[in-house]
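Visitor: Since chain E is already given, all that's left is putting chain P on it; use the hints.
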Amino acid sequence: MVMATQDVAALRASEIRRIGRKKLFGFAIPAVILAYAVYVFFAFDILGLAERARMDNAAVLVSDAVSYKTHVTRDNRSGEITVAIEGSRRATYAPDQIPAWAEVAGETAEIELRHGHRVTYAGPLITYHHPEFGDIVIDTSNGVDLRLSAEAVPDFINASGNRVSIATEGGRLSVTRNRTETMRYFAGWEMFFFDLASPYSGMSAGEVFATITRGAQIDPAHSNFGLMLSNVWNNSIWRHGDVFWALGETILMAFLGTFGAAMIALPLAFFAATNFAPSKAVRFVIRRLFDFVRGLDALIFTIILSRAFGPGPMTGALAILLTDTGSFGKLFSEALENVDEKQIEGLASTGANAVQRNRFGVLPQVMPILLSQVLYFFESNTRSATIVGAIVGGGIGLLLTQAIQTTADWEKVTYYITLIVLMVVAMDAVSGRIRARLIKGDGSGK
Amino acid sequence: MTDITSSQMDRERLETVREDYLQMTQRRRLYSGLLILIFAVMLISGFSIAEDRNAGGFLEGLHRLFDFPADLISEAIEKAANLPGHMVDALPALIETLNIAAVATLLGCAGGVVFSLLGTRGLAYWPRLIPFFRRITDILRAIPEVVVALVLIFIMGGGPVPAMIAIALHTMGAMGKLFSEVNENTDMKPVEGLQSVGANWGQRIWLGVIPQVLPNYLSYGLLRFEINIRASAILGFVGAGGIGYELKNALTFGQGKFDEAAAVFVILFLTIVAVDQLSSSLRNYLTKGTF
Chain E
1 MVMATQDVAA
11 LRASEIRRIG
21 RKKLFGFAIP
31 AVILAYAVYV
41 FFAFDILGLA
51 ERARMDNAAV
61 LVSDAVSYKT
71 HVTRDNRSGE
81 ITVAIEGSRR
91 ATYAPDQIPA
101 WAEVAGETAE
111 IELRHGHRVT
121 YAGPLITYHH
131 PEFGDIVIDT
141 SNGVDLRLSA
151 EAVPDFINAS
161 GNRVSIATEG
171 GRLSVTRNRT
181 ETMRYFAGWE
191 MFFFDLASPY
201 SGMSAGEVFA
211 TITRGAQIDP
221 AHSNFGLMLS
231 NVWNNSIWRH
241 GDVFWALGET
251 ILMAFLGTFG
261 AAMIALPLAF
271 FAATNFAPSK
281 AVRFVIRRLF
291 DFVRGLDALI
301 FTIILSRAFG
311 PGPMTGALAI
321 LLTDTGSFGK
331 LFSEALENVD
341 EKQIEGLAST
351 GANAVQRNRF
361 GVLPQVMPIL
371 LSQVLYFFES
381 NTRSATIVGA
391 IVGGGIGLLL
401 TQAIQTTADW
411 EKVTYYITLI
421 VLMVVAMDAV
431 SGRIRARLIK
441 GDGSGK
Chain P
1 MTDITSSQMD
11 RERLETVRED
21 YLQMTQRRRL
31 YSGLLILIFA
41 VMLISGFSIA
51 EDRNAGGFLE
61 GLHRLFDFPA
71 DLISEAIEKA
81 ANLPGHMVDA
91 LPALIETLNI
101 AAVATLLGCA
111 GGVVFSLLGT
121 RGLAYWPRLI
131 PFFRRITDIL
141 RAIPEVVVAL
151 VLIFIMGGGP
161 VPAMIAIALH
171 TMGAMGKLFS
181 EVNENTDMKP
191 VEGLQSVGAN
201 WGQRIWLGVI
211 PQVLPNYLSY
221 GLLRFEINIR
231 ASAILGFVGA
241 GGIGYELKNA
251 LTFGQGKFDE
261 AAAVFVILFL
271 TIVAVDQLSS
281 SLRNYLTKGT
291 F
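Chains as they are written, first to last, in the working numbering: chain E, 1 to 446; chain P, 1 to 291.
No lab work stands behind these hints: they were computed from the structure. For each residue, glycine too, the CB sits at the ideal point set by N, CA and C. Some clues are possibly wrong.
To be verified - Here are the simulated distance ranges between beta carbons:
| # | chain 1 | residue 1 | chain 2 | residue 2 | range |
| --- | --- | --- | --- | --- | --- |
| 1 | P | Leu223 | E | Ala436 | 18 to 24 Å |
| 2 | P | Tyr21 | E | Ala436 | 25 to 31 Å |
| 3 | E | Asp242 | P | Leu62 | 36 to 42 Å |
| 4 | E | Phe225 | P | Glu15 | 56 to 62 Å |
To be verified - Below are the SDA-like pairs computed for lysine to any residue, each with C-alpha atoms no more than 20 Å apart in a straight line:
| # | chain 1 | residue 1 | chain 2 | residue 2 |
| --- | --- | --- | --- | --- |
| 5 | P | Lys177 | E | Ser372 |
| 6 | E | Lys22 | P | Leu214 |
| 7 | E | Lys22 | P | Pro211 |
| 8 | E | Lys22 | P | Gln203 |
| 9 | E | Lys22 | P | Leu207 |
| 10 | E | Lys22 | P | Gln212 |
| 11 | E | Lys22 | P | Leu286 |
| 12 | E | Lys330 | P | Ser219 |
| 13 | E | Lys330 | E | Arg287 |
| 14 | P | Lys189 | P | Pro211 |
| 15 | E | Lys330 | P | Asp276 |
| 16 | E | Lys330 | P | Ala274 |
| 17 | E | Lys22 | P | Ile210 |
| 18 | P | Lys177 | E | Ile439 |
| 19 | P | Lys177 | E | Arg435 |
| 20 | E | Lys22 | P | Trp206 |
| 21 | P | Lys177 | E | Val421 |
| 22 | E | Lys22 | P | Leu218 |
| 23 | E | Lys330 | P | Ile210 |
| 24 | E | Lys23 | P | Trp206 |
| 25 | E | Lys23 | P | Leu214 |
| 26 | P | Lys288 | E | Glu337 |
| 27 | E | Lys23 | P | Leu207 |
| 28 | P | Lys177 | E | Leu422 |
| 29 | E | Lys23 | P | Gln203 |
| 30 | P | Lys177 | E | Val425 |
| 31 | E | Lys22 | P | Pro215 |
| 32 | E | Lys22 | P | Tyr285 |
| 33 | P | Lys248 | E | Gln402 |
| 34 | E | Lys280 | E | Phe292 |
| 35 | E | Lys23 | P | Gln212 |
| 36 | P | Lys177 | E | Ile434 |
| 37 | P | Lys288 | E | Asn338 |
| 38 | E | Lys330 | P | Val273 |
| 39 | P | Lys177 | E | Arg287 |
| 40 | E | Lys23 | P | Pro211 |
With the rest of the complex left out, here is chain E (with noise of 0.2 Å):
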């Protein structure tokens, strides 16, 4: 009795004290995390951070992600105007297809902004007429001559001795010595479907379709439909065939990767494998190899493989397969570890050589399991496919950061992560629905 009151004592005295312990702990754990935050805020530079990031880029990536601008364009010496999307060459207005907000006879323009601004072209005079301000009157007569009705300049005006540049909610207008430019934004994505060149330009989807079905064939070597449909796939400014191609690239970078280090991975497992490996020392040396191979990492495999082949898929293709070799032979050889023994002794019994215990014993057993890791890596490598594609230029990743690096095709940008997004999502539903069926298995064992 005395016993056991004095082990209840004792029990008491060391709960408390684990107790203690673990409240030291609870406070512990977060105070360390803590710390470890505060460090990082100043190794990273978090309020550096804050005064060098660009506003004004977030502002311009947002605005031109979901609009683009039509630059009216005066070359000051030649008197020659040109209306293009983005200012760009393949995406200039023949004279019969300029649209209506801007009125071009020679050299005089008459050009319609939003919210009520215009601005005109008249000989050497640019002016922009302000609804609230008044008119601003440009003389590009000698240099640029900016005459304002009031004294003070406003703040939407930037001049300089050669420059002036205007930018309001209506637009923007650029005049130097030699150019005038008028942008006018709107909303959405220009020419998606059909660039300048193309019979459906500027047509809406009714037209498009009333063409289709009853109008008369523009094309004598292609029915109407055929023609949309190279129109769109060859569209000059989207390029919707290349990127498509480009899509398709790094799919089959994942493809080839993945499926190609699976059929490397599957014998070596054998020899990786406990209970299958000839002797130790094989076991250890290719263990060691999957070890090597998995922890020298993609990105040093995709830097020497784009030195000896070059930038394309197929060195993207060879730097995941190696890598994945790494992981799938780890994996498979310990599904092959975890094989029920009894079906291949039935199969010995029956005189079955080790070829065949293989096939009929170890390969139905191990397959769903070894497909559904297939599958799921080829779902996250065309993932990683992507990035690969960014290291070694090859597929939508290169499209991805070349647009990125112009800065200057955001909707393009917002187009491909889209596309990528929606490719990625399409890649996890089919694979896990095969998954799925894998898993509760069907019987077939393929």
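Guide: Here is chain P on its own, set in the frame of chain E:
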């Protein structure tokens, strides 16, 4: 008399069963053979397309495969005395890469816990919003890190923060899914017990669910940390700071600076292997209770 007919019938039935079975096996063999054939054709034609669209051919490149590693190694051996110095020089960049991965893993796991709790049937605070939170994690998971990183670099300039945010977002999506799978397997009895004594949602989760799932969470978190180190090294190569950026710089200098590149390769490899080992023994401890 009856005996004979019945055994005859049995034999006939056996015959038909046998034939059916053989036919079925044959059909199945044909199908799997066709499947393998289609797969092989896809693989071969895939490789030939990839080969066509690649800048350099596979066979021409093959003998060059070891040129670069050989250059690298020979130069590293030649200037072996410089290697330790270069490694020390690259250490701050390595620490930056590790920091990116660690912060991204912490933030990502924290977000993942929240998303998973809000997206698990039976535990969610707003049961009707479960599909909404699940779609969010799906989207976070679907966007490759490089996309977010490149866009953020444009806004914030180069440095560790864009990479950190990019990896954290992706981790949030991945962990949200994994954790919600863990949550689905929790024993609901403690939760119900807590509910019966009037515990609110936060208390039920904190006292009823978290103690059950924490070891699994930690183990997945560690695994993610390994993955994130690799990801942050890769993003560095695209311009987001850390060891990847260092590596890219060393490589662009080309021949003559290969000893620097070799040093970076070595410490990157060693770090990855060390973290893998450490985390795998920690994970073993978490799931099995032994190192």
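Visitor: None of the hints should be skipped; say for each whether it holds.
Guide: Cross-check of the supplied hints:
no., hint, verdict
1, Leu223(P) <-> Ala436(E): 18 to 24 Å, "holds (23 Å)"
2, Tyr21(P) <-> Ala436(E): 25 to 31 Å, "holds (29 Å)"
3, Asp242(E) <-> Leu62(P): 36 to 42 Å, "violated (29 Å)"
4, Phe225(E) <-> Glu15(P): 56 to 62 Å, "holds (58 Å)"
5, Lys177(P) <-> Ser372(E), "holds (18 Å)"
6, Lys22(E) <-> Leu214(P), "holds (15 Å)"
7, Lys22(E) <-> Pro211(P), "holds (13 Å)"
8, Lys22(E) <-> Gln203(P), "holds (18 Å)"
9, Lys22(E) <-> Leu207(P), "holds (14 Å)"
10, Lys22(E) <-> Gln212(P), "holds (16 Å)"
11, Lys22(E) <-> Leu286(P), "holds (17 Å)"
12, Lys330(E) <-> Ser219(P), "holds (18 Å)"
13, Lys330(E) <-> Arg287(E), "holds (7 Å)"
14, Lys189(P) <-> Pro211(P), "holds (13 Å)"
15, Lys330(E) <-> Asp276(P), "holds (13 Å)"
16, Lys330(E) <-> Ala274(P), "holds (17 Å)"
17, Lys22(E) <-> Ile210(P), "holds (15 Å)"
18, Lys177(P) <-> Ile439(E), "holds (19 Å)"
19, Lys177(P) <-> Arg435(E), "holds (16 Å)"
20, Lys22(E) <-> Trp206(P), "holds (15 Å)"
21, Lys177(P) <-> Val421(E), "holds (17 Å)"
22, Lys22(E) <-> Leu218(P), "holds (17 Å)"
23, Lys330(E) <-> Ile210(P), "violated (31 Å)"
24, Lys23(E) <-> Trp206(P), "holds (15 Å)"
25, Lys23(E) <-> Leu214(P), "holds (17 Å)"
26, Lys288(P) <-> Glu337(E), "holds (19 Å)"
27, Lys23(E) <-> Leu207(P), "holds (14 Å)"
28, Lys177(P) <-> Leu422(E), "holds (18 Å)"
29, Lys23(E) <-> Gln203(P), "holds (17 Å)"
30, Lys177(P) <-> Val425(E), "holds (14 Å)"
31, Lys22(E) <-> Pro215(P), "holds (16 Å)"
32, Lys22(E) <-> Tyr285(P), "holds (18 Å)"
33, Lys248(P) <-> Gln402(E), "holds (18 Å)"
34, Lys280(E) <-> Phe292(E), "holds (18 Å)"
35, Lys23(E) <-> Gln212(P), "holds (18 Å)"
36, Lys177(P) <-> Ile434(E), "holds (18 Å)"
37, Lys288(P) <-> Asn338(E), "holds (18 Å)"
38, Lys330(E) <-> Val273(P), "holds (15 Å)"
39, Lys177(P) <-> Arg287(E), "violated (31 Å)"
40, Lys23(E) <-> Pro211(P), "holds (15 Å)"
In this structure, the hints that do not hold are numbers 3, 23 and 39, in rising order.
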